[in-house]
Amino acid sequence: MSRDGERTESAASADPRGTDGSERADADGPDASGSTLEAAFDEPAFVPYLAAGDPDFESSLEYVEALAAGGADVIELGLPFSEPIAEGPTIQQAVVRSLEAGMTPERFFEFVDALDVEVPLVCMTYYNLIYQFGPAGSEPVRPFVERAAAAGIEGLVVPDLPAEEADLLRGYCDELGLDLVFIVAPTTAGDRLHRMMERVSGYVYVQARLGVTGARDDLSDSTEGTLERLEGYDVPKAVGFGISTGEHAEAVVAAGADGVIVGSALVDIVARGHENDEPAEAVAAELESLSRELKAGAVAGAKRTPRPEGT
Amino acid sequence: MSQPDTKFGEYGGQYVPEALMPAIEELTEAYRRYVLNNEDGFMDEFYERIRDFGGRPTPLQYAEQLSARYGVDVYLKREDLLHGGAHKLNNALGQVLLAKYMGKERIIAETGAGQHGTATAMAAAHLDMPCEIYMGRRDINRQRPNVFRMRINGAEVTPVDVGRGTLKEAISETMRDWARTVETTHYVIGSIVGPAPFPAMVRDFHAIISEEIREQSREKLGGLPGAVVACAGGGSNTMGAFADFLEDDDVRLYAAEAGGSSLTVDEEAGVAPHSASLSTGEEGVLHGARTKLLQDGHGQIMESHSVSSGLDYSGVGPQLSHLVDEGRVTPVAVDDELALEAFHRLSQAEGIIPALETAHAFGFLESVAGPDGDGAVDLPETVVVNVSGRGDKDLEAAIEETEKRTLENAPTMEVFEG
Ligand SMILES: Cc1ncc(COP(=O)(O)O)c(C=O)c1O
Chain A
7 MSRDGERTES
17 AASADPRGTD
27 GSERADADGP
37 DASGSTLEAA
47 FDEPAFVPYL
57 AAGDPDFESS
67 LEYVEALAAG
77 GADVIELGLP
87 FSEPIAEGPT
97 IQQAVVRSLE
107 AGMTPERFFE
117 FVDALDVEVP
127 LVCMTYYNLI
137 YQFGPAGSEP
147 VRPFVERAAA
157 AGIEGLVVPD
167 LPAEEADLLR
177 GYCDELGLDL
187 VFIVAPTTAG
197 DRLHRMMERV
207 SGYVYVQARL
217 GVTGARDDLS
227 DSTEGTLERL
237 EGYDVPKAVG
247 FGISTGEHAE
257 AVVAAGADGV
267 IVGSALVDIV
277 ARGHENDEPA
287 EAVAAELESL
297 SRELKAGAVA
307 GAKRTPRPEG
317 T
Chain B
176 MSQPDTKFGE
186 YGGQYVPEAL
196 MPAIEELTEA
206 YRRYVLNNED
216 GFMDEFYERI
226 RDFGGRPTPL
236 QYAEQLSARY
246 GVDVYLKRED
256 LLHGGAHKLN
266 NALGQVLLAK
276 YMGKERIIAE
286 TGAGQHGTAT
296 AMAAAHLDMP
306 CEIYMGRRDI
316 NRQRPNVFRM
326 RINGAEVTPV
336 DVGRGTLKEA
346 ISETMRDWAR
356 TVETTHYVIG
366 SIVGPAPFPA
376 MVRDFHAIIS
386 EEIREQSREK
396 LGGLPGAVVA
406 CAGGGSNTMG
416 AFADFLEDDD
426 VRLYAAEAGG
436 SSLTVDEEAG
446 VAPHSASLST
456 GEEGVLHGAR
466 TKLLQDGHGQ
476 IMESHSVSSG
486 LDYSGVGPQL
496 SHLVDEGRVT
506 PVAVDDELAL
516 EAFHRLSQAE
526 GIIPALETAH
536 AFGFLESVAG
546 PDGDGAVDLP
556 ETVVVNVSGR
566 GDKDLEAAIE
576 ETEKRTLENA
586 PTMEVFEG
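Quick note, the sequences are listed as chains A and B, same order.
The C-terminal residue of the first sequence carries number 317 in the working numbering, and the numbering is unbroken.
The C-terminal residue of the second sequence carries number 593 in the working numbering, and the numbering is unbroken.
Treat the hints as calculated values from the structure; they're not laboratory data.
Quantities reported herein were computed from a predicted structural model and do not represent experimental measurements.
Incorrect hints may appear among the rest.
Computed, partial: chain A to chain B, Cβ under 10 Å [unchecked claim]:
#1 Y132
#2 N134
#3 A142
#4 P165
#5 L216
Idealized CB from N, CA, C, for every residue including glycine.
Between the sequences and the hints, there should be enough to build the whole structure, so can you do that?
Right, dumping it as structure tokens:
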């Protein structure tokens, strides 16, 4: 499978980042680039999100391990930032709980070191934390990517970093072997979409609806349109924003997604457990059970529709 | 053809969620066409409306008592006389009009002191657009008269409860609304902050302040002033008052920030008891722009503090950050107490009750040239102070804050008790 297969324009725009990252944009394929993330989408993938350290370091370790036990193919770990502008109330509160329990970027990497999971990990955070990381006076951005690579993180998602501002980070990710995932919104099209798809690696995060994160009862219908616009690009497409049940997951995969990203529905379980003082094992069991449902939904979705590109 | 500024040195840029980027591109194009190149006579209509509806030009007034006190000629640029009682209308009217030209159907805005919210609500009523204003809970309690003014003008006021409930949280929440409604809605940001093209566009709508100062100084002083002083929260009245003088190296530019109760910082609690991001902040990324910020060693944004809600913000406009690095603008920090004293002094000496934000600009004059001044700055012969707003909205807060202290020049507030 060639990642560039259907993108005739990509050769003309070699090295769009003005760095030496051409290695990735014009790579021969996932095997050549060695993207563990891309490989995780070989079958319909379940990609859960939790804020690391919510509500405390120890319980959070258990919760993340429960996601893996429930069938996660990739786990997005949130490194909390004080101004999460892309987040709805559910994740905003997770961020507050985690920060109040003492989460910091360095603690986050200790958290990753302490995790006992085989599943590839992606760090989701905001640009200022990446920018400020490292000893005073060190060059920006590189120390964070180095530390992430050392901790075994496979990729980054940065919701407030559009492709236009991402060259520096993309360069270091290439150099240090991390994927950089971009979010495609329902409003992303044309040149912008193309620019982003030239810079993305690992998978593309398809935002199912306008707005901020948060679990919903209904599915958005803008997803199919977005997936259609992405058809020509041979990077796995993971759909997120609002997915909360196995049925949603099934429908999204049946519509052509390669995976589902689920955050707020899982964070809700953590929040409820915290409010009701439930023991961590009980919360973990609930997380594992919803994870199984979501993973099963994703797999069922692939059976419902013959998948056109035989991923 | 003029093109939009998107970066100011290393500062500025567009650090926003992808969902907003198409809207920002659309806005950039509208800004270029209508504002920078006056397509369809947009700027002509803006100037006409800001004159007839807003009451421009505002006067440049000689301040007799302050001039005597400081031994230099002090002139006041009376933006407090603009409709609504602050400079904010320049930008609010400009952006609401632009939203109309763009075919948007709804206006949202954040507000700190409630002045920008009030100006936006007035402009939206004037131009017949529905309007929703986000305001931190703490600010709602500090600035109640403005909450009612917004509602009376027909705007919906939505409280923001997260965090400390001030301007930072209100901006974040308005951005979230915009991410959901971007196809029909325009976000009228209230200062020279946020992603490009906002910092440049908001500056351009306020630049009329310095254009008028320039012309009025020629008439009244026979030349340019030696210095322009303005308070700075995000910095919109500041850049408005400075914009036309950037190339005039003989005109010194002073930005008076909120020194709060102290310039030290409680890293543990993540709280800075001030809002002096130009004097003490470090480069970082907040609300769409790279700029100087109050942040802890990890890059978490710190909560700021000021006695004036309008200055109570952890960031500042990227262009001001750049101009400070270039040495073109000098930031000065004025603490709560100096600002309160200045509030009373201007009220008594000149018969003008200033906004608490504005009082910081006057606190600066007192701190260098007053009877107990430290002389750290030798003021030039003529100084223009931008009176960014009037203080009616602040009466409750000013009374309360005055009672907490023993200020030499404060009138008794006893009559208000019991
Ligand atoms: C009267 C007045 N002056 C100044 C400010 C601070 O804003 P800026 O720094 O953008 O001028 C405000 C903000 O609310 C204000 O109401």
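Taking the numbered hints from earlier one at a time, note which ones the structure violates and give those numbers from smallest to largest.
Hint check: nothing fails, all pass.
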